[in-house]
Structure formats: C-alpha cells, structure tokens
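*Asks:* Sequence:
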Amino acid sequence: MDHDGVDAVLFDLDGVITPTAEKHMQAWNRMFTTYFDARGIDPYSDEDYFRYIDGKPRVEGIASMLAARGLTLPEGDDDDEAGPDADTIHGLGLRKNVIFRELLDEGIEAYPGSVAYLDALDAAGIASCVVSSSKNAEAVLTAAGLRDRFEVIVDGLVAAAEGIPGKPRPDTYLRGAELLGVPADRCVVIEDAVSGVQAGAAGGFARVVGVDRGAGRETLLAEGADLVVVDLAELIPGLTEANR
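For the sequence shown, position 128 (counting from the first letter as 1) is numbered 128 according to the UniProt record's numbering, and the numbering increases by one without interruption.
Since the hints were derived computationally from the structure, they do not count as laboratory data.
Note that beta-carbon positions come from the ideal geometry of N, C-alpha and C, so glycine has one too.
Heads up, a few of these hints could be off.
[Unchecked claim] No farther apart than 16 Å at their CA atoms in a straight line, the calculated lysine to aspartate or glutamate pairs in the EDC-like style are these: (1) Lys135 - Asp78; (2) Lys135 - Glu178; (3) Lys135 - Glu60; (4) Lys135 - Asp77.
[As the list claims (entries may be wrong)] Listed next, with one range per pair, are the computed distances between beta-carbon atoms: (5) Thr34 - Gly204: 39 to 47 Å; (6) Leu103 - Glu47: 17 to 25 Å; (7) Glu102 - Asp42: 25 to 33 Å; (8) Glu75 - Pro43: 21 to 29 Å; (9) Ala123 - Asp87: 48 to 56 Å.
Turn these sequences into a full structure, and let the hints guide you.
*Replies:* Following this line, the structure appears as structure tokens:
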C-alpha cells in the first residue's frame, strides 16, 4: 500500500494489533453457551460472533445476539448492584468481561507483523492511534507491552463518556483523527471486523485496510475495504523513501 499523503494510521485493536479477538470469541462463547443452554435455546456458534458481535459496542452486540434468538432483556446499567448476576444486557456484558479478564491473565503477545509495521510507521514519522469498541483496550495494550506506543486511544470507555456512536458508524475513528490533529482524508483505517470496515468506509478516510482474521477477504472487500492483508507486515514495503 502506498503511504503517500498519509499522516496517520488508525488501528482497531483486537485481531489487528493483538490476537485478543480470539480471547473475546472464547469469552463470548462461554458466556452465551451457558446462558442459552440454561434456557434451552439454540446453541451459540462462532458464526454468531462474526454476524452479531464482532467489532460492535458491547451493549449493541449483546442486544443483536439476543434478538437473533427472539430474546429481549432490559439494558440495565454497569453500576447495577447485582453486577454480573444481573439479568440485563449490561449484566451479560459484565459476565463476559469477567471471563475475558481471566483469559487475559494467561498473557497476550502482539502479532509480530503488527509490531514491525508500528516500528516502520514510527521511523517514517507517521502518527498512529487505537480505535476500539472494547472497554478493555488499556488493559490489553498494557498486557502486550504496547501501552506507551499510543498517545491517543479511543475505546469503549471514551465513546461512552463522550456519547460517541460506535462502529459501524465512523464517529470513533473520526474522533481518533481529531485527537491526532490529522484530517480524515490523510488517515488510513485498519480493521479486521465487518462493522469496523464499514465505519472506515463511511468516514471519508484515505484508505481502509481489512485484515482477514476470519471474516473473509471477499466479505471485507464487499463492505468497503480498499485492500485486504493477512499480516500487517505486508504493508511495510509501501512506506516509500519519501515517507522514510
């Protein structure tokens, strides 16, 4: 990919920089499997993850998944005294988060190709930030030893605090570009989720790069990716001598 005219790269986190998308998948699987089994509902599958959960803000993803099974729950609140035991959308989200944090404690390493690409961007003087729907972005980056690589992080916590609509709306990516002080049309968005690619395509960004970690190359292209890679190291040769 040619980086001419690019001043910043906006990264999704899970599945792009770190393989935490797999841990999120495992956590959602455990939570929904337990919840559905207890109610005699059709089993949860990885296909459900990609269709209803992947890349979306937690509350929206849970609501979509429940609706697909003909279920509704009150939204509730993260501050509910019942916490993960609350029979609400937020309660289910907290149950999933408990499982995810347990999985995160097992350790996480960033994709080597993603770290190499970050290094190349730094050397070229191209800014970067993380834009994630997850409320665990800080914890994930810290666990991977990458927290100090990003001055700007727009995650689920920031979006909730500032009232920013989540993916597939482009608003969180636009906020990341704004905080970097870079116009959207000089930013590249890198995403592995369909909803994230849709967000990038809707935001007027210079390019949208899809990373195929399971969503499928053709699907990502159809949803608005300009190109699709399987490893971010593939993008390093596109850093021209002018960039360097």
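*Asks:* Each hint needs a verdict: does it hold in this structure or not?
*Replies:* Cross-check of the supplied hints:
Pair hint Lys135 plus Asp78 holds up; C-alpha atoms about 12 Å apart against a cutoff of 16 Å. The straight-line distance between the Cα atoms of Lys135 and Glu178 is roughly 20 Å, outside the 16 Å bound, and the hint therefore fails. In summary, the hint linking Lys135 to Glu60 is supported, as the alpha carbons are separated by about 13 Å, within the 16 Å threshold. Note on Lys135 and Asp77: the hinted pairing holds, with a Cα-Cα distance of about 15 Å set against a maximum of 16 Å.
Thr34 and Gly204 have their C-beta atoms about 42 Å apart, which keeps the hinted 39 to 47 Å range intact. Between Leu103 and Glu47 the Cβ separation comes to about 21 Å, which falls inside the hinted range of 17 to 25 Å. Checked against the hint of 25 to 33 Å, the C-beta distance between Glu102 and Asp42 comes to roughly 26 Å, which is consistent with it. At about 25 Å, the beta-carbon gap between Glu75 and Pro43 stays in the expected band of 21 to 29 Å.
Distance hint check for Ala123 and Asp87: the Cβ-Cβ separation is about 51 Å, which falls inside the suggested range of 48 to 56 Å.
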